[in-house]
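Q: In case you want the letters, here they are:
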Amino acid sequence: MLDKKPVVLVIDDEESMRDSCSLILAKDGFQPETAENGIIGLEKVQDVKPDIVLIDLKMPGISGFEVLDKIKEYDPNIVSIVITGYATIESAVEAMKKGAYDFLPKPFTPDQLRIIIRRGSEKKRLIQETERLRREKMLIEENFITMVSHQLRSPLGTIAQYFEVILGGMVGKVEPRQEEMLAKARDRLKSLMGLINDWLDMARMNKGQIVDRLKPLSLKEVLKDIMEFMQPSAQKENIQLELVPYSGKDWVPGDDETLKQVFSNLITNAIKYNKPNGTIKVSLEETEDSVAVNVEDTGIGIPEEHLNYIFDQFYRIKKNDEKKSSGTGLGLSIAKKIVEAHGGTIQVTSEIGKGSTFTVFLPKTSQESRNS
Amino acid sequence: MDKTKILIIDDDPDFVDAVTPILQSALYNVVSASNPTEGKKKALSEKPDLILLDIMMDSLFDGFSLCHEIKTSKEFESMKDTPVIFVSAVKEMTGSRFQFKGEEQGLRGPDDYIDKPVNPDDLIARIQRLLKK
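Chains as they are written, first to last, in the working numbering: chain A, 1 to 372; chain B, 1001 to 1133.
Isolated chain A, as found in the complex:
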């Protein structure tokens, strides 16, 4: 990147302006490109991928302001500098508000042009350096978590494997009292592994990472996969798990891996807290700006006093039945983190004795395109 000349695109309807800027810029070590109007300018932006764009605000056809907007939308990291015609403060201020880095009032000297472009180039360099450091940090964090994850999980997996084999009677007869103790040890180990998994999930969960990975996703496809994956566990508990047919909009910006984590977590809970021979209905709904996924169970329900807290980290509802109080208490807070990283919300309604419905709202469009 240090060897490559920074590319500066000059969008101006005056030929003399384009020519003289090109000359000055080329002499100063930049790679000049030109365009005689906004439309061609925008095409060129996608073509040559400039580091800096110089935009004349007063052009016939599409206005400099519109060009500025579209460039920001295309790549917010491009440094934009506007050329203002009559040195009016209003247009300069408006341009800065729209994201221009600086403004250059006409008429300007070659030196003034050089100074402002150099500043813009320095700004661009800093943007790139920040991005590079951010990615490096992420990689280091990911690697660290991966290493910790492997070092913790691997020996635990082997210990658990020994339990499986011994309890399966594959290395000799196991006396009843031995079996009882070994089974208890194995269950504690399973809980421990679950706990580590959850903590690693929380550690790994980085909103920035999820936001970076968002791409158009079909919720119907995601749910179909999850249903297939969860059927065996549901069947094991005699719970009927069904996906209600849906023909509305289901495409949202999403991250496949983490959304699957959310839904499998909700369904796992729905299975765990359900009545024998109960049902779980997963359905989709469309609202004005979101697509909602409902996970409805016929379970024991959640007392009203807990509803505000169940998405908190480590919050667990004390139960007498031991089976139901297993778990780390992190599942729902992880789910909430993931959903919020998607720009969505998660809610719950419940009736004691009847069941609960968890609803995940996911926005139809990404935060960025809504903010610009």
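Treat the hints as calculated values from the structure; they're not laboratory data.
You may find that some hints are simply not true.
[To be verified] Just some of the chain A residues that point at chain B, by a computed CB distance under 7 Å:
id : residue
1  : Gly157
2  : Thr158
3  : Ile346
Glycine included, C-beta positions come from ideal geometry on N, C-alpha and C.
Based on these hints, arrange chain B on the given structure of chain A.
A: Below, chain B alone, put in the same frame as chain A:
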């Protein structure tokens, strides 16, 4: 009739020790290797009918690239149809199913995946399914 031979490539000798009785109970012969290099040597010399491959040895890609090599390189021409099962210490129930992202990099993937700790019946069933083909 020759017994079916399974090659386990895993850097944890205790895991191999724990899983061997499972395979022996299904009347399989078991050979093992503790690193990718040894794994390749034994694959060629022992000619196993199926390979159990731990994907997290020195680095995540050891398992991936070894699988790819066995399935595509000239050196392993004789083994290219040998089924490979990835074994990994990945979560089971929490839904984030391990996804083979190697495909994006053009790597040939395994024939099946199984999580540690393996359920004995599940492991045997998967092996039988792959050997039938």
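Q: Hint by hint, say whether it matches the structure.
A: Evaluated hints:
1. Because the smallest distance between the Cβ of glycine 157 of chain A and any Cβ of chain B comes to about 3 Å, under 7 Å, the interface hint for this residue holds.
2. Hint status for threonine 158 of chain A: holds, given a least beta-carbon distance of 5 Å to chain B, under 7 Å.
3. For the restraint placing isoleucine 346 of chain A at the interface with chain B, the shortest Cβ-Cβ distance is roughly 15 Å, beyond the 7 Å limit, so the hint is violated.
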